[in-house]
Amino acid sequence: MNKLSTLLVACAFLLPGCGQETVSSGSPEHAGGSSFAEIYAAAEQALAVAEAKRNVWSRTEGLLRDAKAADADGRTDEAIALATEAKLQAELASVQADTEAETWRTRVLSN
Amino acid sequence: MNNKILLLSVIIGLFTGTGATAGPEEDRTAMLEYYTGRFPDVPLQEFANGLYAFDEIAREQWIEMEDFPPYEIAIEDGQALFEAPFANGKSYADCFDNGGIGIRQQYPYFDADLGEVVTLELAINQCRAANDEEPLPYLTGDLAAISAYMSYTSRGNTINVKVPQDNPSALAAYESGKQYYYTRRGQLNFACMSCHVQSAGLMLRADRLSTTLGHATHWPVYRAKWGEIGTLHKRISECNSQVFAKPLEPQSIEYRNLEYFLTYMSNGLELNGPASRR
Amino acid sequence: MRRILIISLLASLIGVQPGLADDDPSPDATTRGKAIAFDRNKGNCLACHAIEGGELAGNYGPPLLLMKVRFPERADLRAQIWDAAVNDPNTRMPPYGRHRILTEEEIDLVVDFIHTL
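Residue numbers (this note's numbering), protein chains in the order written: chain S, 1 to 111; chain F, 112 to 389; chain G, 390 to 506.
Some hints could be false.
[As the list claims (entries may be wrong)] As a list, the in silico BS3-like pairs of lysine-lysine whose alpha-carbon atoms are at most 30 Å apart:
#, chain 1, residue 1, chain 2, residue 2
1, F, Lys-336, G, Lys-431
2, G, Lys-431, G, Lys-457
3, F, Lys-273, S, Lys-53
4, S, Lys-53, S, Lys-68
5, G, Lys-431, S, Lys-53
6, G, Lys-431, S, Lys-68
These aren't lab readings, by the way, just hints derived from the structure by calculation.
Construct all of the structure, not just a fragment, from the sequences and the given hints.
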């Protein structure tokens, strides 16, 4: 995730009006070029990876549900922001699982 | 897959002697020494009482609560459920050693045929399945009540969980539970040990953190916060939620392996369940 | 207690006067930051840290006092909240930024508030 897209996500989250320059509400295409459907699918994929590692964070699935509801409501910018956040969280959970697969041993109590 | 890798690494460790894999008994000794060093004035068996072992004010309130134990109804309900015959005329007593009385210290154990850890709660549903009865939910309710009764008949018995040395799968299950315990998880990035080793005795908001020594002695528990009796796996799910990790299924392989590790850590302590907690 | 005393002493020695710096955040920002810091579903800082004005605080972490002495640079305080593991791999402090527990804007507001303590 680069800085620009983080900014766009923050933009969509914080300033409902700020997306108007690039995309009109309800448009299937977002400024980044990915449609909601594409981002949602990518988030689901990232979640499946984290699930396979048995390490899903507790808010991620709710974000995806909210994203779907926002999209159904025509709040496309918000839907895209929520799905993007879900995807990022799922990816971070996977990173955590991979890192921990090594580092847990450093914490074991021993004599 | 993970289990296989784990098994392999354990075996490699055993043969080469280079792995840092200490055995269960070394782990238990290290944990025992850590806590007795941190809490030198707490008698060993007191650790079975969780935070009440070292929080005097909370202990007074707890002793008052124990005047009319809130888990007493669960013991009575559990006994009635335990003694009620199944549709086929048999009962729980037919499934367990000694008619199911005073046997909690045998759990969890590694079932070599199944290739998995069997907890008492799993064994209760195994018994039901063997008698063509539907499984009971694992977190609260009838199963927790039956478990409470079986714990009650086992009070005072000494925990003696075994990890058979001649069975690499048992050691792998133990190691997997140990790994779970020491692994950071959830959005808040905590391992079990972050709170219960590193911060044992400290306050998280208004709650004092307990030690892992004694975590497995007293289940199921009537928790005031829950307003009902619940199993160890309910508490583990709650721990997961508190660090913003999605809980696994109760009685999942991971939770059972964790219980195997946790209970082994309390070997030598006496069972004192069911219990009450704030 | 002794630690608090020492920090107070140090503060008086180097003449720190919290609240008088030129780059102070607006009162509005610190109020919003405090709300996020105290919210159990947001910063939940009180779970571990004693903070003036907060009730039922934990002692899992150190009390948040004289933060301008401990973190003269606002950026260092922000970095600590964003990911404390950079300075200490064994820290138990949740990585509020790295794990996206708070948004970047929320972290800025919390930093504004914590830096006034």
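### Task
For the pair supplied as a hint, Lys-336 (chain F) and Lys-431 (chain G), confirm whether the alpha-carbon distance does not exceed 30 Å.
Roughly 22 Å separates the two Cα atoms, so the pair holds.
Does Lys-431 (chain G) pair with Lys-68 (chain S) here, judged by a C-alpha cut-off of 30 Å?
Satisfied, since the Cα-Cα distance of roughly 23 Å is no more than 30 Å.
CA of Lys-431 (chain G) to CA of Lys-53 (chain S), is that 30 Å or under? holds, 26 Å
Next pair to validate is Lys-53 (chain S) with Lys-68 (chain S); report whether the Cα-Cα distance is within 30 Å. holds, 24 Å
Practice prompt. Assess, step by step, whether the Cα of Lys-273 (chain F) is no farther than 30 Å from the Cα of Lys-53 (chain S), and give holds or violated.
Written response: Status holds; Cα separation ~28 Å.
Do the alpha carbons of Lys-431 (chain G) and Lys-457 (chain G) lie within 30 Å of each other, as the hint requires?
holds, 23 Å
Checked against the numbered hints listed earlier, the structure breaks none of them; every hint is satisfied.
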